[in-house]
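Trainee: Using the sequences and the hints, build the whole thing.
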Amino acid sequence: MSRKGSQEFEKDRAEDHGVKSYRSGMPASPPSEVSEQHAGHQTRTLWADAWYRLKRNKLALVSIAWIMIVVVSTVSADLWVPGNFGSPTEINTQTASAERLRSPSAEHPMGTDDLGRDIFARVVYGARISLAVGVLAVTVSVIIGLILGAFSGFYGGWPDTIIMRVTDIFLAFPYILFAILLLAVIPPEYRGLISMVGTIGLLGWTSIARVFRSSILTVKENDYVDAGRALGASDLRLMLRHIMPNAVAPIIVYATMSIGGAILTEAALSFLGLGVPPPTPSWGRMIEDGRAFLTSNPGLIIWPGLAILSTVLAFTLLGDGVRDALDVKMKD
Amino acid sequence: MLQYISRRLLQFVPVFFGVTLLLFFITTVLPGDPVRLRTGERAMSPAVYAELREAYGLNDPWYIQYVHYIGKLSKGDLGTSIYTGRPVTEILNDTYPYTMKLAFAAIIIEIIVGVAAGIISALKQYSWADMLVTLSTSIMVALPVFWLGLLLQYFFGIWLKDWTNGAFYLPVSGASSSQFPEWVHLILPAITLASVSTAYAARIMRSQLLEVIGQDYVRTAHAKGLSARKVLWDHSIKNAMIPVVTFIGLDLGAMLSGAILTETVFNWPGVGFTIFRAISGRDYPVVFGGVILVLIVVLVINLLVDISYAFLDPRIRYGGGAGE
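First to last, the protein sequences are chains Y and Z.
Counting in our numbering, the first sequence runs without a single skipped number right up to 332 at its last residue.
Counting in our numbering, the second sequence runs without a single skipped number right up to 324 at its last residue.
Calculated directly from the structure, the hints in this document are not laboratory data.
Quick reminder that beta carbons are idealized off the backbone N, C-alpha and C, glycines included.
There's no promise every hint is true.
[Claimed, not checked] Computed from the model, here is a short list of chain Y residues facing chain Z with C-beta under 8 angstroms: (1) ILE169; (2) LEU236; (3) ALA267; (4) PHE271; (5) LEU272.
[Said to hold, decoys possible] Quick list of in silico lysine-lysine cross-link-like pairs, DSS-like style, CA-CA up to 30 angstroms: (6) LYS124(Z) x LYS58(Y); (7) LYS75(Z) x LYS124(Z); (8) LYS101(Z) x LYS238(Z); (9) LYS55(Y) x LYS124(Z); (10) LYS124(Z) x LYS224(Z); (11) LYS124(Z) x LYS238(Z).
Mentor: Right, dumping it as structure tokens:
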């Protein structure tokens, strides 16, 4: 079906980014850098070069800093959160009625929820689910997408046709509807991190497969691939040593950008009640729970929402930075 | 062109069967029992239970059910809802217009706001307006849609009502009420649904226009003495619009397939909300009917977008064989 259409769309989005970075003089390859490089007679690998450029992108650095803060605070949460702000999950039946729906104070910086639990503690712990799903789901998508995309691009012919038809089917099926259906199959007591990662991962591979397929199609025309083949390299060696390293940059860019999308999807599915079951805090679920108190206590939905927004934004901007740093046009 | 269209229509066939087979496979694995759900907690004699299961064909293996379903579908029969007993075609007839209204309202916002913001931002590059557009589109893309919906509900439905002592506010739920006509009910859901796409439309418009302005033919147009206005509208914007139109077209397809999150937040009685409730209630016939309707809409709109592409951009010719 819309094979052409969606490719055009991906291309347009990529062009959009590419042009923007070029126009705004982001560190794509400013002249000063070139002369600097020549003056110092440094030789840098592609990756060192990319890191050098990334370091000069302020937005990307701020994003990295924010992601680090979120990661460190949520990983170390057991050490400092329950002691200072209270448990994110346990409900103290003695004090719950007196402590519920408190406004922000020194003791509870974001207030308390309807069960008397500290919202700040729940937001900090909620990052665990979001980050885990974001990173793991994209990892699943990348693994499936790389294998099928490589197969499709490298061999062509009928494997290519079949794989591309399957991606058509996936793309024709409305995304969030597909996710809801898959999660509805799983009984509520088994729903959790694994089902969430599996669902989002399974739905995300098609774009990765297409991006990788098109970059392989470009790379495999190169003379050095023919040379490798003439020297008797096996398909696997050609793939891993000659094609993969030159086709992988768009995937890294795409994967970084996808983490934000996966976090958004997780939040949406949790909001619809299909996520990790309570009492484990997740940002989407907290927003769903807070809906009932929208009139009197909008804070219940504002804080987890800001957490989602800031984290997703950080991954998106980091993705932009990585794209500029690797100088990926994503124009297949 | 005809050859291209017929080839594309042929490609619908595997996609259609792929999606419906997948759907059947997934839903038959679903553990909940629709018959039990329909009768609720009331006790039911095993004989009645067996009879109901038989009546809905739930005892057959999934592929037999599938063949039966496709057979009925070809006659335009989508079955009846297990929950309410109403024909599925009737349910979709009632709900789909709401999805269409929401989708078109959102697309209008997207076209006006998105395209205008993109043009302004490109023409006044690096101005504060450009900064504002760039910043707000980045944020809008990272916003959870359902959260934006809830914030709008709070701001326009609750805060504004308190602030004006109940004189001015917007409805936050449903599609009709005694105080407001339907189009007022449409405002907040439409803004919510349009948010992300408007941001993308603005970004694409901006980058396309910037690229076109730098082209040689635009410089030539200036050089041969055309007025700035003519160069802008006839030479620049017209060409820059092509990818934007494609994006908006594909987006319309996506919106017409039901906005589950927006419709759920605003209790908007569209097809997305209906399908979502049907999934929760294991009301298979409604789920199948809804998904098939949505699927056909998406496939047809995507085809229309690709065809219109050829009209908009004369460089594109869809040949018989290697066109794609």
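Trainee: Evaluate each hint against the coordinates.
Mentor: Verification of the supplied hints:
| no. | hint | in the structure |
| --- | --- | --- |
| 1 | ILE169 | holds, 4 angstroms |
| 2 | LEU236 | violated, 30 angstroms |
| 3 | ALA267 | holds, 5 angstroms |
| 4 | PHE271 | holds, 5 angstroms |
| 5 | LEU272 | holds, 7 angstroms |
| 6 | LYS124(Z) x LYS58(Y) | holds, 23 angstroms |
| 7 | LYS75(Z) x LYS124(Z) | violated, 57 angstroms |
| 8 | LYS101(Z) x LYS238(Z) | holds, 28 angstroms |
| 9 | LYS55(Y) x LYS124(Z) | holds, 29 angstroms |
| 10 | LYS124(Z) x LYS224(Z) | holds, 24 angstroms |
| 11 | LYS124(Z) x LYS238(Z) | holds, 18 angstroms |
In the structure shown, a violation is registered for the earlier hints numbered 2 and 7, in ascending order.
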